[in-house]
Structures are given as structure tokens and as C-alpha cells.
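**Q** As a plain string of letters, each chain reads:
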Amino acid sequence: MIIYVATLIVIVVIMLALIAVFSKKLLSAIIASGFVSLGVSGLFFFLQAPDVAITEAAIGAGLSTAIFIIALKKVKKGESKDEE
Amino acid sequence: MRNDTPALVKRITALSLITILLIGFFLAFKEMPKGSAVNVNQRVSRLYVMKNVETATKMMENGKFFAKGIKPLRTDVPYTPITFGKSKNLEDGAANVVTSIVVDYRGFDTLGEVTVLFLAATGVAMLLFGKEKKRKNKTEPSLIMYVGTRISFAIIFLFGIYIFVHGHLTPGGGFPGGAVIASGILGLFLGKNGYKPNHLGLKVFESLSGMAFVIIGLTGLFSVHSFLANFLPTGVIGDLYSAGFIGLIYIAIGMKVGAELSAVVNSMIVDVEEEWS
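One line per chain: the protein sequences are E and D, in this order.
Just so we're aligned: 74 in the numbering used here is position 74 of the first sequence, and the numbers increase by one with no gaps anywhere.
Just so we're aligned: 229 in the numbering used here is position 229 of the second sequence, and the numbers increase by one with no gaps anywhere.
Worth flagging that the hints you see were computed from the coordinates, not collected in a lab.
Just so you know, nobody snuck in bad clues.
Straight-line alpha carbon distances no greater than 27 Å define the calculated DSS-like cross-link-like pairs of lysine-lysine that follow:
1. D:192 to D:203
2. E:73 to D:203
3. E:76 to E:24
4. E:76 to D:192
5. E:74 to E:25
6. E:74 to E:24
7. D:196 to E:76
8. E:25 to E:76
9. D:192 to E:74
10. E:24 to E:73
11. D:196 to E:74
12. E:25 to E:73
13. E:73 to D:196
14. E:74 to D:203
15. E:73 to D:192
Not the full set, but computed from the structure, chain D residues with beta-carbon under 7 Å of chain E:
16. 98
17. 171
18. 172
19. 175
20. 176
21. 179
22. 180
23. 182
24. 183
25. 186
26. 268
Computed spacing ranges between beta-carbons, pair by pair:
27. E:19 to D:15: 55 to 61 Å
28. D:120 to E:73: 19 to 25 Å
29. E:70 to D:5: 44 to 50 Å
30. E:10 to D:204: 43 to 49 Å
31. D:28 to E:12: 53 to 59 Å
32. D:19 to E:70: 48 to 54 Å
33. D:11 to E:76: 48 to 54 Å
Just so we're clear, the structure is a prediction, and the values are computed from it rather than from any experiment.
All C-beta atoms, glycine included, are put in the ideal place defined by N, C-alpha and C.
Chain D with its partners taken away, still in its complex shape (with noise of 0.2 Å):
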């Protein structure tokens, strides 16, 4: 649309834009599968919400577990204490329950803070990042210096890869990998002056995580009928190679979050050419 259409067309076209947006949206509102609510009591069992195991079970022993008055919600099924490496199939493998309740029964909120994150670092790279400025008075930094950061940028690297690909078995995650890969970065970044890295890359990198974050959750749409329901078998707890789908978004966001803290810092490193007026 040009600049010289009349101004009764454009807010003509852009009301019959809203109309058409909104009717789309209700329709698809009303094609939506209802989702059956969920009962926690009944999805998550009350031995894997108690932290301390040991403790629960033997209060299942004695015939404490229940308080007087309370009924289990199934008695069809048993509860059975939850033992490490030889549980199976369970609703969530993760082997804490902040990691399942943030990852699996929260997804959604964590696909927000992540969207919240790179808003940040989009908005601390079109503040600050520009080009390169002549480099004059700036000391170097000694030999040390250069070779430390290189080797211990590989071992905080690889850290960093440990924390967020053992997710649902540790007490870490996404978050924390990444911003211990951003460090190993900025390491870098003080061993020699005029560093730089690929910016384009982080940004393109990080783009495709959160893309795959975003197609995992569809798939468990269009196979659970449910946005990031999870949709793999869960194992055996403990295992690697468990937990469904918790590994995979994970590791999403670990490289999300790592690529982009490390183009925060790059943008906030690399000097700008423009001054402030």
C-alpha cells in the first residue's frame, strides 16, 4: 500500500485485516481438541512429589503415608515407592521434580522465558553492537594470559555441554549450561585483544534452538494433542537416555542460551564506533 492512498482505505483495510485475524482465531479456538483437565493428585504420585524417598516409603510401610480421613484417589493402581535405576515407564523419568515441573508440566513457561531472553540480548545488540574502533592504546595481554584462557576455555566448554546434556538427571539444566558456555566465551575475549567471533553465526545458531524448541513442542501437538506434551517413552530413571523429551529440549535451550549470552557479551565487548552525542 502507498504512501498517498487515501487515509478511509487504509483503516478499511485494516479493520477487514483485524475482522479476518480474529474470526481465524476463534475458529481455531473451536477446532481445538479439549484437553481432558488434568488432576494432579492423579497424573503425579505423591512419592515422587516428597523429596526424600526413604522417608515416604517407610511412612508407606507403617500406614502413615495417607493422613486419617484421606483416601488414595486410585486404588487400582499401587503406589510404589520410586527406586533409582530400576524404575520404569513412569509418567515423567526426570530425576527431580523441578526439573519435570519446568520442563514438562511448565513447558509452556519456559518457552516464554526464553522468548523474554531473547528479546534482552536482541535489544543489548541493537543498542551497542556497531563496528569495530581502532585499537591504540590498549595493552595486550601476556602469554599466560592467552594460552590459560585457550585450555580452560575447552574444559568450562565442556562443562558447560555436561550440565545442560545431563538435565534431567542433575540439578542443572539449560540455563546454567549456557551461561557457563557464555563465560568460556568471554574468557576468550579477555586472552586477546580483537577476538571475534562469528556474530552472525551466534545469531543464526541460536535462532535455530529456539526453532527446535518450538518444533518439539508441535510434534507433541500433532501426536498427543497437546502443546509439548511429551511424546517419547520415559525409561528407566537414571538412565541417560530417559526422561522422553526433557534431554532434547533441553538441550535446545543449553544452546540457545549459550549462544546467545555469548553475542550479549560480544556486542557488549566490541567497541562502538559512534559516539554519544
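Here chain E stands alone, though its shape is the one from the complex (with noise of 0.2 Å):
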């Protein structure tokens, strides 16, 4: 049984990371890279590192994706700063 979840947490995550690579918009590709931290810390569970897991989730999906959200802000900033 769980072998079938660990199978589909797997493709999403591959299919979330193909999109964190190749779409254009930075938002969604920072947002699906946040996702993307969340299943693999699933997997990490499932492979009985509940430790790494923890972390992974803490860090990874949450405060890194809500600093890459703030970065895209500044930066984007200054860009139309830029342009004026």
C-alpha cells in the first residue's frame, strides 16, 4: 500500500520540479518548488528519517519558499524602477 503513495508522491514531485524548471512565470516556478519540498519531505518520512523530514518541512516549505516570495518582490522592484 505504501509503496503505491510513495510511487505517486514521486511523480508529482518530478512533474512539480519539470514545472519549477521550464515555466515562465517566477511565482509559480517558486511556489512549485515549495510543493516540491513538501512531497520530498513526505518521502523522507516514508524512508524512516522522520528527522530530516521535519526539518525539510520547516525549512524548505516554509521559510525558504516565503523568502524566495520576498526576493521576487524586491527584485521585481527595482526592475521597474529600471525601466522608469
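Two chains, two frames, some hints: make the complex.
**A** Encoded structure:
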């Protein structure tokens, strides 16, 4: 049973990673990479590494996604100023 | 030394300083007590390293625990399985192997990791932290956001503290606990425009907890003759007051990482006045 769930998660993670690489919008790429972290933390939990899973969920899916979004906001602000 | 001193004097001074430092280093190295080589098979019992204690106990009873031709290293000490809540005075009382390796046996690596994180946070603060900009067209977050983040901050903060206080009993520890606390503080930033934590206070708090880590390590050096050695009794496995200094170190790491990542979020989210040229 758990192998099917893990396979499903792997497929979803690979698709999300492809979205993160090939999407034109940076915001959707960031959100997709956040979901990749979430799926990977689930995989870590299935592989009996709960400590790594907790760290990945807290840092990868939570904090770094937020920090990327803040950074994207700042970068866009600078771009618009340059164009003006 | 002033700027107009000749280059030769500068060079000679630097050379003598380096020589004094090297001599001091070698003298200290010579005076250091020789640590006895640690035999991992003797110190860590195999049952403890095997994750599944039940299976290991069954193998012990059937006599299959040691493969053919392999003898136990110490015949004077019987290999007894470790039971949760009963076993006393173990060599390392942490409830899972990863914790005891990360904090106790390889505590020096953890100190290095914490230092790397400190350098990264300092770099981010150096590049990004600056004076606040005038906020003109920013939309205020709604009342629901404001109240909701304030309520959930208390719960998230408490959960982070729970994670790092119980680091030696559960698969958690200082790093995830600190990250959880920092995400709670990120929620506070989102809830109100112009929320300002005390940045200097965060930095001082973080440095103090980092120093606490080193002081615990030095206490081990002076009492047990090894840096970051466990100098407290290990107690009954599974109790809150057990596992010696692992709980103390995880509390120090958790506070340090929480303050550090909060400072990173603060310096990222506050607008910088000077523009990129």
C-alpha cells in the first residue's frame, strides 16, 4: 500500500520539479519548488528519517519559499524602477 | 601601528606574530591530554544501533544476534536489550540513534554547522539590512489576518519550543524547532505593516546562545578531558531529564537558530533605502 502512495508522490514531485524549471512565471516556479520540498519531506518520512522530514518541511517548504517570494518582490521593484 | 611605518618593520612584526602563534599552538597541542582511541563496538552497544529493538531482542534469545565466527567484543558485560522507560545509566541516553550521533559523538560537526549558519545570516544582514523606507502605497492587511497571525503565533512558538526541548526524545531537534519559531515570526510580519522586532536584541540573544554551546563544550573539556563530552548523568531513557547534556545543547541550538532565522527574515522584509546603482 505504502509503495503506491510513495510512487504517486514521486511522480507528482517530478512533475512539479519540471514545472519549476520550465515555467515562464517566476512566482509559479517558486510555489512549485515549495511543493517539491513538501513532497520530498513526505518521502523522507516514508524512508524512516523523520528528523530530516521535519527539517525539510519547516525550512524547505515554509521559510525558504517565503524568503524567495520576498526576494522576487524586491527584484521586480528594482526592474520597474530601471524601466522608468 | 601607523601607516607611515616602513614595510620592513611591518613584515618583521607579522612574521614574529605568526611564529609566536605557531609556537603557542604546538605547545598547546603537546600539552593536550591524549584521548584514548574510541572503539565504537565497545562504546555503542549493537542493540542500540539496531533500530528495531524487538527484532534484536528476539535474535538475542535465539542466539542469532552474532553471526558465525564473530564473538562479542566484551564478554564481561552482558548484551541486554534497551527498553524504553526502564534502562538506566546508558552511555548515551538519547531515545534515537541519530540524536546521539549528531549531538554527542559528532557534536563538533554540529558546532561547525551552527557557525556556517551564523556566517550566512551575518552576510544576509550585511547586504540587506538598512534604514526603513517610506511606505506609500502598501495595502494594510485585514483585521482577520492581524488577529489570526497573532493567535497562531503563540501556538507556533510553543510548538517550536516543544520540538527543541524534547530533542533527545523525539525526532526533532534544534534546527527544526528554530525554523518553526522563525516561521511564526514571519507570520507576525505578514499580519501587520511596519512590524519591527528588536534586531540588535535578536543578534545579542543569538550570540549568547552560541556562546552557551561553546561553554557547555568547554565544561566537558575541563571535567571529562574531551571537548563536547557528556558530563551529566544520563538517567532513565525516555525521561525528560535524561540524556545528559543533549537537552541543554539542543535548547542552545534551538534558541540560536530561531533568533538567527528571524533576523534573516527581518533583514529580508525591511525595505532598503539606498538603491542599487
